[in-house]
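> Here the structure of chain A is known, so what remains is to put chain B with the ligand in place on it, guided by the hints.
Residues per chain are reported as follows:
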Amino acid sequence: MSQVNLPVQQQAPVQQPPIPSTTTVGGPTAPIDYRRDQAVGFYTDTTVCIGCKACEVACKEWNQLPATRGGEASLSGDSYDNTVALSGTDWRHVKFIEQFNPDRVGGRWLMMSDVCKHCVQAGCLEACPTGAIIRTEFDTVVIQADVCNGCRYCISACPFDVIGINEVTNTAQKCTLCYDRLQVGMTPACAQACPTASIQFGPITSLRERADARVAQLQATGAQAYVYGKEDMLGGLNSFYLLVDKPSVYGLPENPQLPSKQAGLGWLAGMGSAVVGGLLGALSFRKHRMDERRPVVAESLPRDRREVETRDEVRR
Amino acid sequence: MNPALIERANAVHWEWMVYLEMWIAGIAAGAYATAALLEWFGQGRSPIARAAHLLTMPLMALAALLLIVDLSRPERFFHMIVQVKTWLPSFKPWSPMSIGSWLVLAFPVFAFVSFVDALIDRGMFRLGSWRRERTLHGSSLGRIWATLGGLLALGVGTYSGVLLSASEFPGWADSSLIGALFVVTALATGMAALLVISGLGRAVAPPDLRDLARAATFMVVWQMVLLVMFVISLGPSGARVYLTGPYLLALIGAAILAGIAPIALLRFGATRLRPATAALGGITMLLGGFLLRYAIVMGPQAHG
Ligand code: SF4
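As given, the protein sequences belong to chains A and B, one line each in that order.
To convert, note that position 306 of the first sequence is 306 in our numbering; the numbers rise steadily by one, no gaps.
To convert, note that position 227 of the second sequence is 1227 in our numbering; the numbers rise steadily by one, no gaps.
So here's chain B without its partners, still in its complex pose:
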């Protein structure tokens, strides 16, 4: 046993709402970060980037709702942001929960503007000079916007993992790599969601789909490398909480669905990649990412 830790009796009760939230917020963050990358390569208005812009905002709204409902006193959710005794901002940079609250507040601002921009780009409405011919994304201001939003997205993808590491629970506190693993899971699942949308829709050109598939396969490989590094970093006493019962099965499932299967299906964006195969690869990545979040969030809590 790690000499800093003891077995826990008091549960944090971070259960299905929490790992579901982490998965959903991860998809949103990963998709937006992918769109930001595309913006840098002059594709800020490409169908893939636009799919990401349309996807991020609703997913983040759902994630924030789950976070609020999961509080023991949901009506006090705004205490995360304001000190109720002084009405000054409540910001503690040394607390990952505090940083996370601000990220979950700030990131949707960027996501919302990009969402509206995507709707305008579809010709659904216009707001003064903000019209289809002059959208934010695709312009140089759009690049700045996408970069800032993309950085916040990476923060959203990372903070929940750092938060778990910065705790006193065996299995979480034993490794500082959970944030590193979670951010790449966010990127992978975000790209996976875009693969599903692109593979099932008809708007994305095959070369673009192949590029996305290549990027997604790279994320899968990096994610598996980090998963192995994470398990090693736990040491025998930390690993014990994951390598039993449903958590071991979930980890094996994650390795297959978010590792082996997408590598075999997407093949780094091989020339003859079919849209349906790309979508299937995306689906397995999403399921595997979910299992990974489940195992990491629930394993240590079951061993209290």
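Looking at chain A on its own, in the form it has when it is part of the complex:
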């Protein structure tokens, strides 16, 4: 029987507009000066991230965070990502998002160095009962390891799943935006190490201008670029992103909210429920009070107690 050679069906490659680099065409990426009383943060241009993880390494080195979990290096099997998520010991996490056709002929990589967003309205700071989480003079959000008692409520209150327990200190930990470096006028370690200027550090106002210019530049080439974390999101994220796909593609919430938004409603519903419960209880016991003086036959009482006449006497 002769073998029929069918042509291989190839899917058309995903067409993506070329992304201009920030260094050749884009705006300036040079370090920007900052002052102590200024709001500072990160602007991360995900289009120029090359997934080198220099930021992760620099962060771990500077902050003396363990590089392996429990002394064991583990492979996740998920693209080039073995960090998997931000945690108490991983304060930077480079995400690798593979958008390929099933036959992997066409497609693109999306890479994004994730970090604490240092939200202007920070859920973690709001939730922390001990005052361990503070807002610094740089408008950044820092967890004081010597105050935190590890109740772990901040872990559940961060809309971006940033905080975890650091097994070394047994306290909740996350990026401090290199608070110690800021105090002596240095650039945070990750931004310093980033070779492509994907992570830029500086005063928020200057960073936003840069981001807007870059978005305009990309949109002019037909790319779907936008800034994630403008002022309408939790008062503005002091660590914001330039993205080229939907937030959910990067594992970010589309519309993050403060956890306290639910608290008000929760208390109200709780009070309402308690009132209904109290009224139902009162109804049950009130009937008793009205019956109080009436004679009763206590059928299920032991024989020797049956002669008692009122409930009061029964009780006594």
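Hints were generated in silico from the structure; no laboratory data involved.
Heads up, a few of these hints could be off.
As the list claims (entries may be wrong) - EDC-like cross-link-like pairs, simulated, lysine to aspartate or glutamate; straight-line CA separation at most 20 Å:
| no. | chain 1 | residue 1 | chain 2 | residue 2 |
| --- | --- | --- | --- | --- |
| 1 | A | K230 | A | E254 |
| 2 | A | K261 | A | D245 |
| 3 | B | K1085 | A | E231 |
| 4 | A | K60 | A | D37 |
| 5 | B | K1085 | A | D180 |
| 6 | A | K261 | A | D212 |
| 7 | B | K1085 | A | D146 |
| 8 | A | K230 | A | D139 |
| 9 | B | K1092 | A | E126 |
| 10 | A | K60 | A | E72 |
| 11 | A | K60 | A | E167 |
| 12 | A | K246 | A | D232 |
| 13 | B | K1085 | A | E126 |
| 14 | A | K246 | A | E231 |
| 15 | A | K246 | B | E1007 |
| 16 | B | K1085 | B | E1075 |
| 17 | A | K261 | A | E126 |
| 18 | A | K60 | A | D180 |
As the list claims (entries may be wrong) - Computed footprint of chain B on chain A; a stretch qualifies when at least three of its residues, placed anywhere within it, have a C-beta under 8 Å from a C-beta of chain B:
| no. | stretch |
| --- | --- |
| 19 | 82-94 |
| 20 | 161-172 |
For every residue, glycine included, the Cβ atom is placed at its ideal position computed from N, Cα and C.
Frame of chain A; chain B with the ligand shown alone:
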């Protein structure tokens, strides 16, 4: 998926100690609130109220101990109450965890005094003019005390649920009704514990037991209504975290043990209610309440 939420990778590790604590604190709070209600109807020294006074304090002590041990740094438990850098009180009314810490501190003060009052009422000792003939409960001051303590008890019953709703975990953040459900579970399990004590003991008169059984059945019905409302309020994406595996089984178990079974057994305090049946109804309510806490605390954490 709720657009405000994402799947979680970092666990809060609120596990057996937490749902056990919520269950125990709920029983204590519910029992004390029931005693407060009885106080309003002139029964502040009745055997049921006294059983509640004796039960609340030890249970709250156990609950507080569980909360402390569950911290990652238990030796720093007092940071919940004092700002260690300034030694000023640490109180954040917008944080349910902060409110809860203060409630767990304040409520046992009331519970302790009522506990001592119950012991004095039994003639175990006297403290000056605080003696068997002049106890706090049963007096007009006792009514004020019971009311304040009862309100704090309801706060203790509610806060843990509000705390879960005020989070970013799918399944908790999807509904604002967890506090409402938890407070009625607290009332139901508190009454259930009193039913068990009253049903097994011989001190409570049948009419009083029937009243308690009637109140408990009302709580059961209200609890089931709220459970259904809670599941509906979750929406499909929020409900998905509970309606699988052991959590679905726990919810079904809760509906049977804390819903159908006590209604059938207690029958709104029917005339021929036997003490043993009342105790059995109380036991099923307690078990069902435990399953409910387990499902609600653990379901969302398993879906990180
Ligand atoms: S991203 Fe999370 S941890 Fe960072 S400031 Fe916002 S709420 Fe806090």
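> Against the 20 Å threshold, does the CA-CA distance of A:K230 and A:E254 hold or violate the hint?
Holds. A:K230 to A:E254 sits at ~13 Å (cutoff 20 Å).
> Next pair to validate is B:K1085 with B:E1075; report whether the Cα-Cα distance is within 20 Å.
holds (16 Å)
> Could you grab the alpha-carbon distance between B:K1085 and A:D146 and see if it respects the 20 Å cut-off?
Answer holds: B:K1085 to A:D146 is near 10 Å, not above 20 Å.
> Given the proposed pairing of A:K60 with A:D180, does the C-alpha separation stay at or below 20 Å?
holds (14 Å)
> Do the alpha carbons of A:K60 and A:E72 lie within 20 Å of each other, as the hint requires?
holds (16 Å)
> Below or equal to 20 Å on CA atoms is what counts here, so check A:K60 against A:D37.
Distance of about 27 Å is beyond 20 Å: violated.
> Tell me if the straight-line CA distance from A:K261 to A:D245 falls inside 20 Å.
violated (28 Å)
> Take a quick look at whether A:K230 and A:D139 sit within 20 Å of each other, Cα to Cα.
Holds: A:K230 and A:D139 sit about 15 Å apart, inside 20 Å.
> Is B:K1092 within 20 Å of A:E126, Cα to Cα?
holds (8 Å)
> Against the 20 Å threshold, does the CA-CA distance of B:K1085 and A:E231 hold or violate the hint?
Roughly 32 Å separates the two Cα atoms, so the pair is violated.
> According to a criterion of three or more residues whose C-beta lies within less than 8 Å of a C-beta of chain B, is the stretch 161-172 of chain A covered?
With 8 residues in contact (Cβ-Cβ under 8 Å with chain B), the coverage given for the stretch 161-172 of chain A holds.
> Do the alpha carbons of B:K1085 and A:D180 lie within 20 Å of each other, as the hint requires?
holds (19 Å)
In the structure shown, a violation is registered for the earlier hints numbered 2, 3, 4, 6, in ascending order.
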